[in-house]
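**Student:** Sequence:
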Amino acid sequence: QQCIDSVRAMATAFNEHTQRAFIPGHFCCVDESMVVWTPPTAPAWIYVKRKPHPEGAEFHTAACAKTKIIFHMELVEGKRSTHVPEFDSSFPTTVALLLRMTKSIWGSGRVVQLDSGFGSIQGALELFKKKLYTCIIMKKKRYWPRGVPGDYLKAQFKDQPLGYKGAFRGVHSEYPDVPFNLCVFR
Numbered sequence: 011q012q013c014i015d016s017v018r019a020m021a022t023a024f025n026e027h028t029q030r031a032f033i034p035g036h037f038c039c040v041d042e043s044m045v046v047w048t049p050p051t052a053p054a055w056i057y058v059k060r061k062p063h064p065e066g067a068e069f070h071t072a073a074c075a076k077t078k079i080i081f082h083m084e085l086v087e088g089k090r091s092t093h094v095p096e097f098d099s100s101f102p103t104t105v106a107l108l109l110r111m112t113k114s115i116w117g118s119g120r121v122v123q124l125d126s127g128f129g130s131i132q133g134a135l136e137l138f139k140k141k142l143y144t145c146i147i148m149k150k151k152r153y154w155p156r157g158v159p160g161d162y163l164k165a166q167f168k169d170q171p172l173g174y175k176g177a178f179r180g181v182h183s184e185y186p187d188v189p190f191n192l193c194v195f196r
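Numbering (my numbering), first residue to last: 11 to 196.
Please note: incorrect hints may appear among the correct ones.
Stated by the list, open to error - Now the in silico label distances, taken between C-beta atoms and shown as ranges:
| id | residue 1 | residue 2 | range |
| --- | --- | --- | --- |
| 1 | Tyr174 | Trp55 | 14 to 24 Å |
| 2 | Val94 | Lys61 | 22 to 32 Å |
| 3 | Phe167 | Phe37 | 22 to 32 Å |
Keep in mind the hints are simulated off the structure, nothing from the lab. C-beta: ideal position from N, C-alpha, C; glycine also.
Start from the sequences and build out the full structure, keeping to the hints where you can.
**Tutor:** Written as structure tokens, this is what we have:
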């Protein structure tokens, strides 16, 4: 646990430094990054089969899309962790993570690209309330993300040719005053 605390302290110091020393561009990206780290006894060691370097420490990262400079990172600690990060008691886990990762750029009008692992309509709408715009690639995993009428969209596109595209206006039940757009491609 002491090693994990040290890694968390290093990430906190990094985040504070980059907030003072770096101004990201208009387009940012939130994703996961693996730090090659061996042996398996190292703190926060994890194995993620789908990654090009599957062994090491996994971090959630926010980066400037133009310069590819990471300006925020957070160690992925897993469900066994007793650490309760900021916003976790008020929001679902993914939404809380998005808020922490982008806190230094709130109010800037920047665009944040999210991959399907961060595909949360509620997260996007919370970021919109913080004056950030999002672009999310949504995929159905076991179910469609809340607020995405996936079965309706699937039925609409069923007989369309490859390359067909459409746009739909969505409304989230918890944010009825904030419409969002879904762009769908087949």
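**Student:** Next, verify each hint and record whether it holds.
**Tutor:** Quick rundown of the hints versus the structure:
| no. | hint | result |
| --- | --- | --- |
| 1 | Tyr174 x Trp55: 14 to 24 Å | 45 Å, violated |
| 2 | Val94 x Lys61: 22 to 32 Å | 27 Å, holds |
| 3 | Phe167 x Phe37: 22 to 32 Å | 28 Å, holds |
Violated hints amount to a single one, hint 1; each of the other numbered hints is respected by the structure.
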